[in-house]
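Colleague: Given chain A, work out where chain B should sit, using these hints.
2 protein chains.
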Amino acid sequence: MSDLPKFVHIAEEGPREGFQIEKGPIPTEGKVRLIDALSETGLKHIQICSFVNPKRVPGMADAEAVARGIKINPEVEYTALWFNERGLEQAMAVGHLSVDCKITLYASEHFLISNLNRDRAQHLDKLRDLVKFCIDKKVPINRAGINAAFGCNFEGDVSVESLIATVDDTMALANEFNLDIEAFSLADSMAWATPDSIKRGVGAVKDKYPDMPILLHLHNTRGMGIANAYAGLEMGVDRFDSSIAGLGGCPFAKHQGAAGNVATEDLAFMCGEMGIETGLDLDALIEASQIATEVVAHDTPACIAKGGSLNAIRQRLKQAAE
Amino acid sequence: MSDLPKFVHIAEEGPREGFQIEKGPIPTEGKVRLIDALSETGLKHIQICSFVNPKRVPGMADAEAVARGIKINPEVEYTALWFNERGLEQAMAVGHLSVDCKITLYASEHFLISNLNRDRAQHLDKLRDLVKFCIDKKVPINRAGINAAFGCNFEGDVSVESLIATVDDTMALANEFNLDIEAFSLADSMAWATPDSIKRGVGAVKDKYPDMPILLHLHNTRGMGIANAYAGLEMGVDRFDSSIAGLGGCPFAKHQGAAGNVATEDLAFMCGEMGIETGLDLDALIEASQIATEVVAHDTPACIAKGGSLNAIRQRLKQAAE
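First to last, the protein sequences are chains A and B. Numbering (the working numbering) for the first sequence: 1324 to 1645. Numbering (the working numbering) for the second sequence: 1324 to 1645.
For the record, the hints were derived by calculation from the structure and aren't laboratory data. None of these values were measured; they are calculated from a predicted model. Keep in mind that the hints are not guaranteed to be accurate.
No copy is singled out in the list; a pair is fine if it fits within one copy or between any two copies.
[Stated by the list, open to error] Below, a list of computed lysine to aspartate or glutamate pairs in the DMTMM-like style, where the Cα atoms sit at most 20 Å apart: (1) K1329 to D1519; (2) K1641 to D1480; (3) K1522 to D1491; (4) K1522 to E1352; (5) K1367 to D1442; (6) K1461 to D1519; (7) K1522 to E1484; (8) K1641 to E1432; (9) K1522 to E1557.
So here's chain A without its partners, still in its complex pose:
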């Protein structure tokens, strides 16, 4: 379809989103092995760990060892997640991590209160402190985003009006400090979105902020991940987060069972088959997906790694015809 983007940027979050939720423990060398495999797939951005309180997220206790253990591909930007000054300092101390700051608001105030123990106003104050700290440390602040942008297990449905009000608050904060936001992410953190709500939400944000590039971070807990990504593509969205093998989820989101992010290889497959370039090597992603499944030592919800690529079949048929 002619209005789909020509190129889509896919940023990998599997090692961070995935390993934070695993009951584990996952051996550090397994994590490093997966990240090294991902580094050879054409991905330009890989989020490899989070510097968070190991008491709250035990799976990330080895974050520094992982960050120091990987083989650096100079083509790849390696990032880490962090939420406060302490986490930022740990990430900076590693040396080869690409450190920038993202300001994140929550469309759901209930989620904020339940998980971070603060309301919107208090959260904005905390973000102001963080922004000042980053400016002081010369850490670029060029990303912003909304979590639970389409619905929340603690609050319920998030209306388009509420989403826009949260985007407005985020942009006001960015303007307060003259920040140049390069990408604005909308995260369906708890898998409430449908293709229809993706279109309404993205459409409303684009109407109000037409020049702002939007990124979608989608979860597949209810099986809508790829359909939601497609709805995003139809709205011109050309940036996505995803997780190899569909690893991941949100450890605080009260989900039992097979949560998981939209799978990198499934998203790359859909784009590739629809003529959208991603710069990714699907065969290498399938290999990385198989490594991810080995490393977590349980079945994963990835489809392409099990169903196989179509190019592999095309190749076989071509050889048989020769």
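Modeller: Here is chain B on its own, set in the frame of chain A:
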């Protein structure tokens, strides 16, 4: 979105598509238990078994016992799959199965040759014999369809031109016998479709046969099932086949790993959340999905049954607020 259909008909194929591919053996009483649960979900059409050669499809050797064992809900039309006169006669002998005939062509001639050992012309001749037999037996012939409509593991990509040529052949056969085709199904039997190819294929068929209701039969082997269904909805498609818990696949399609049809409960969930009526009770479908998983005795790819419905969360939040 205003151009989505207001009501979608979902026909259940899990007991047939699912159990034909299971390594099994699945006990007959398990099959009956699942069908009885499906009968209480609001589904109006359930395909419960196939009358085929038990040497080729051992999982269907107990087809008659299943058909005779179920508790009939008079609101539900129970159907069986069959390919030849012998199968049709077995289905008719049961007495309470709704027996009609569907004429099915294959967009891929390679698939036809590999699996049914005949070419297109020979297949059309076989269908003529079948149609004559049905007319003679007063069996209505009101459905038609194309298998491997979007691509084939034996032939590769199926072009829109080739799809339309196959639809033309099917319609010519229908016209030859003055058949009144009520629904025309396009089956992505081997999971080659993407939302883009669904739109191109369905669009081309609708352009040429604007009054013909189209049904989509989608497989989720490569994770595109729900996205493809959404693309179909966007094209105005309001009839789908699906399988509870995502059971199923094609036993002849050379697929290893997690094949499977688009899951009934995931499709019903998407429709419901987008304001499209299906007449289905999602909670009852989730229960049936859990029974399906017990009956096949392995994990299934269904998402909603694991992730939970949103209405359950909305209900909980409402109660907590009171």
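Colleague: Are the hints correct? Go through all of them and say.
Modeller: Verification of the supplied hints:
1. K1329 to D1519: between (22 Å within a copy, 14 Å between copies)
2. K1641 to D1480: Between copies only: 12 Å across, 50 Å inside.
3. K1522 to D1491: within (19 Å within a copy, 36 Å between copies)
4. K1522 to E1352: neither (41 Å within a copy, 45 Å between copies)
5. K1367 to D1442: neither (35 Å within a copy, 48 Å between copies)
6. K1461 to D1519: neither (40 Å within a copy, 44 Å between copies)
7. K1522 to E1484: Within. Shortest intra-copy distance 14 Å satisfies the 20 Å Cα cut-off; inter-copy 31 Å does not.
8. K1641 to E1432: Result: close only across copies, 16 Å inter versus 56 Å intra.
9. K1522 to E1557: Both ways: K1522 and E1557 sit 8 Å apart in one copy and 12 Å across, limit 20 Å.
Violated hints for the displayed structure, listed by number in ascending order: 4, 5, 6.
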